[in-house]
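Enquirer: Those protein sequences? They're chains E and P, same order as listed.
Quick note: the first sequence uses this note's numbering, first residue 1, plus one each step.
Quick note: the second sequence uses this note's numbering, first residue 1, plus one each step.
None of these hints come from the bench; they were simulated from the model.
Heads up, the beta-carbon is just placed ideally off N, CA and C, and yes, glycines get one too.
Be careful, since some hints might not be right.
[To be verified] For the chain E half of the interface with chain P, some residues (derived, Cβ under 8 Å), not all of them:
1. Ser2
2. Thr18
3. Leu22
4. Ala23
5. Gln34
6. Met40
7. Leu42
8. Leu68
9. Ser71
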Amino acid sequence: MSPLLFSAIVFTMGCYITAMALALLRLVRGPSAQDRVLAMDLICTIAMLILMVLAIRYRSAMYFEAALLVSIFGFVSSAAMAKFLLRGEVIE
Amino acid sequence: MIPPLPLWVEIPVALLLALSGVFTLVAAIGVVRFRSFFQRMHPPALAFSFSAWCVTLASILYFSAQDGALSLHAWLIIIFLSLTVPVTTILLSRTELFRRRNSGDPDMPPPLSASVPLSADADDSSPTPR
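If we strip away everything but chain E, and leave its shape as in the complex, we get (with noise of 0.2 Å):
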């Protein structure tokens, strides 16, 4: 790992967090509950990138598969939870 591509991966690691911390803000503050949704949906958007940089980062193919079982849970959960707001059920 060469030291360009290690501050690389610093930066975008604290570009990372800094983004999960605000969106962490809005689902705390967030005065509707589908603000929460989109929050929590950007949250785990943003855990599958961070997952994606870290198998750059440790040279592993292995991170890939668990970049998509966050990215299919946390698609499955925010259309669950989008479903239950609309309708008052998730499966009519």
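Based on these hints, arrange chain P on the given structure of chain E.
Expert: Here is chain P on its own, set in the frame of chain E:
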């Protein structure tokens, strides 16, 4: 010991990673600072599309240069994300419309089914609500 990568690979990878970090940060700032929900729905698209594309291209470039062969398994994430993000967006926007309409917000447009005139057989039985 893994041999170090050439410089012409590391510079685009570092640039793409930094770009994705900046885009994600901009998206989060937009989510915090915008005022209404319909405005707040737009900035996460930056993180969903732009930074995911940047990270995917960076990892494809990096692992292809490291293995000496084209490794395209990171495309799966982009394909999956581009399939699922519109579904979530549509559901969330309909949720906001539905809930604000139910709470009696005058800014929300009325539902389409109430503004369409009723059919001819139901016309004589009850007055059409306009």
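Enquirer: All the hints need checking, so say for each whether the structure fits it.
Expert: So, going through the hints one by one against the coordinates:
Annotation: Ser2/E was flagged as interfacial toward chain P, and the flag holds, the nearest CB pair being 6 Å apart, inside 8 Å. Interface restraint check for Thr18/E: the shortest CB-CB distance to chain P comes to about 6 Å, inside 8 Å, so the restraint holds. Taking 8 Å as the C-beta contact cut-off toward chain P, the hint placing Leu22/E at the interface holds, the least distance being around 4 Å. At a threshold of 8 Å, the smallest CB-CB gap from Ala23/E to chain P is about 5 Å, leaving the interface hint in force.
Taking 8 Å as the C-beta cut-off, the interface hint given for Gln34/E holds, the closest approach to chain P being about 5 Å. With its C-beta approaching chain P no nearer than about 11 Å, Met40/E sits outside the 8 Å limit, and its interface hint is violated. For Leu42/E, the interface hint holds, the least distance from its beta-carbon to any beta-carbon of chain P being 5 Å, beneath 8 Å. The closest approach between the C-beta of Leu68/E and any C-beta of chain P is roughly 6 Å, which is under the 8 Å cut-off, so the hint is satisfied.
Evaluation of the Ser71/E hint against chain P yields a held restraint, the C-beta minimum of about 6 Å falling below 8 Å.
Hint check: a violation occurs at hint 6 only; the rest are consistent with the structure.
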